[in-house]
Amino acid sequence: MFLARVIGSIVSTQKVASMKGHKLLIVEPYRLDADTRASLVTTGRTFIAVDTLGSGEGDLVLVCQGSSARLTPETKTLPIDAVITGIVDSVHIEKKSVFDRTKEA
Amino acid sequence: MFLARVIGSIVSTQKVASMKGHKLLIVEPYRLDADTRASLVTTGRTFIAVDTLGSGEGDLVLVCQGSSARLTPETKTLPIDAVITGIVDSVHIEKKSVFDRTKEA
Amino acid sequence: MFLARVIGSIVSTQKVASMKGHKLLIVEPYRLDADTRASLVTTGRTFIAVDTLGSGEGDLVLVCQGSSARLTPETKTLPIDAVITGIVDSVHIEKKSVFDRTKEA
Amino acid sequence: MFLARVIGSIVSTQKVASMKGHKLLIVEPYRLDADTRASLVTTGRTFIAVDTLGSGEGDLVLVCQGSSARLTPETKTLPIDAVITGIVDSVHIEKKSVFDRTKEA
Amino acid sequence: MFLARVIGSIVSTQKVASMKGHKLLIVEPYRLDADTRASLVTTGRTFIAVDTLGSGEGDLVLVCQGSSARLTPETKTLPIDAVITGIVDSVHIEKKSVFDRTKEA
Chain A
1 MFLARVIGSI
11 VSTQKVASMK
21 GHKLLIVEPY
31 RLDADTRASL
41 VTTGRTFIAV
51 DTLGSGEGDL
61 VLVCQGSSAR
71 LTPETKTLPI
81 DAVITGIVDS
91 VHIEKKSVFD
101 RTKEA
Chain B
1 MFLARVIGSI
11 VSTQKVASMK
21 GHKLLIVEPY
31 RLDADTRASL
41 VTTGRTFIAV
51 DTLGSGEGDL
61 VLVCQGSSAR
71 LTPETKTLPI
81 DAVITGIVDS
91 VHIEKKSVFD
101 RTKEA
Chain C
1 MFLARVIGSI
11 VSTQKVASMK
21 GHKLLIVEPY
31 RLDADTRASL
41 VTTGRTFIAV
51 DTLGSGEGDL
61 VLVCQGSSAR
71 LTPETKTLPI
81 DAVITGIVDS
91 VHIEKKSVFD
101 RTKEA
Chain D
1 MFLARVIGSI
11 VSTQKVASMK
21 GHKLLIVEPY
31 RLDADTRASL
41 VTTGRTFIAV
51 DTLGSGEGDL
61 VLVCQGSSAR
71 LTPETKTLPI
81 DAVITGIVDS
91 VHIEKKSVFD
101 RTKEA
Chain E
1 MFLARVIGSI
11 VSTQKVASMK
21 GHKLLIVEPY
31 RLDADTRASL
41 VTTGRTFIAV
51 DTLGSGEGDL
61 VLVCQGSSAR
71 LTPETKTLPI
81 DAVITGIVDS
91 VHIEKKSVFD
101 RTKEA
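Which chain is which? The protein sequence lines are A, B, C, D and E, in order. For what it's worth, full-length UniProt numbering labels the leading residue of the first sequence as 1, then goes sequentially. For what it's worth, full-length UniProt numbering labels the leading residue of the second sequence as 1, then goes sequentially. For what it's worth, full-length UniProt numbering labels the leading residue of the third sequence as 1, then goes sequentially. For what it's worth, full-length UniProt numbering labels the leading residue of the fourth sequence as 1, then goes sequentially. For what it's worth, full-length UniProt numbering labels the leading residue of the fifth sequence as 1, then goes sequentially.
No wet-lab data here; the hints were simulated from the structure. Here the structure is a predicted model, which means the values were calculated and not measured. Worth double-checking, as some hints may not be accurate.
It does not matter which identical chain is used: a pair holds within one copy or between any two.
When the alpha-carbon atoms are kept at most 30 Å apart in a straight line, the in silico DSS-like pairs for lysine-lysine are as follows [what the hints assert, rightly or not]:
no., residue 1, residue 2
1, K96, K76
2, K76, K103
3, K95, K15
4, K15, K103
5, K76, K20
6, K96, K20
7, K15, K96
8, K23, K76
9, K96, K23
10, K15, K76
Turn these sequences into a full structure, and let the hints guide you.
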């Protein structure tokens, strides 16, 4: 899995029938800053993931890829390869807090 | 999943029998422009995806990869690893519209 | 899937028993030339794919990766992650012909 | 699989129900140093993996990705794409010891 | 699949129970040299693969990734994503021999 920031959403009306009613969010994968090792930074990539948790723009989330994206009750039969499996509260790396949801603006 | 622009198509007459009759489109994955964060730009990569929605050149589409590409009614038994699952109408990132199908040329 | 040029082959006598008798070709993935957008160029990567179509060196082919590589009649139970699913006749991108098998040397 | 160093952990309270109670660790994939070929160095990437072995920060571990991450007794039905399958004691490359757990600080 | 050189091995005593007794080798993926197109060179990446063929350090091998790594008799139920499926005798690219096992030191 990877950490990602929810940065937006897409609208698609012409789609595979089973996809109707599923929220599609745009997520930007994050990684540890290689220089400071004290914060998370964007990888510059852009993915689309299904959300079933009520995630919103700005949230840091956990994203599962591949066939396992179908291992949630709402996504079992969907043609999807990425799903949000958690909204992240905090991230600690090498004893330091590098993310705390309660301190976000 | 990822966003991609349909840029072309391929023709193949010698192919695995089950692939006959399936439309193969060339798609170019897009990502958020890292500098402006106000538009989508190409990643420079080139993939082939099966289309079952009537997508055409120039369309921005949603592409699903991996075994989940077989989770649509038309692709269940195909040796494919990518399928177009939606034609995108609009994309919003950080409260800005970065794509609107009705404003495309 | 991706487009690739068949550039060679490998011989392996000590192998998993089920792999005996299957042709293993070396394929080089191709992408659209980002500058001219008028031809296909190598990505510089090197993969091995099983061939069941009689593909030969120099052919441009369609390659399927992942578990779907096992969705052809000849590859159902093989420990493989890539199979050639089509020999490409022509590729059109942005209304231009960027590959035509009949015009290859 | 790949070798990775456990560098931290995440906390997520709003998550897919089946994920409750599973430990989520942050792992940094390592590779052989291309220059010296005598030590392991970080790739600069950041992944999240489920741990069922009691791995702790600083451990070098073996990580399995994809659907096979569900092939352990504790992870069979989870929406996960990475699991720690071993805590590494030693690594030998080209006859040299490049990692020895007993010599770590 | 990809070609790789076996460069070492790892030892892990604390591991998922089903992994006990399986040999874990370190493999370095190879690709065609883009300049000369006459030899194979390392990609600089480092992976771990299960071996069931008796591969040894220095061998050039064929590696299968993903769920298909479980499609050999010895690996059916293992949490692994890479397996060695062949020891390579020779590689020919563009009519040239770029690898011959009998000529290795």
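Practice item. Please name the hints from earlier in the document that this structure breaks, with their numbers sorted from lowest to highest. Key: Violated: hints 1 and 2.
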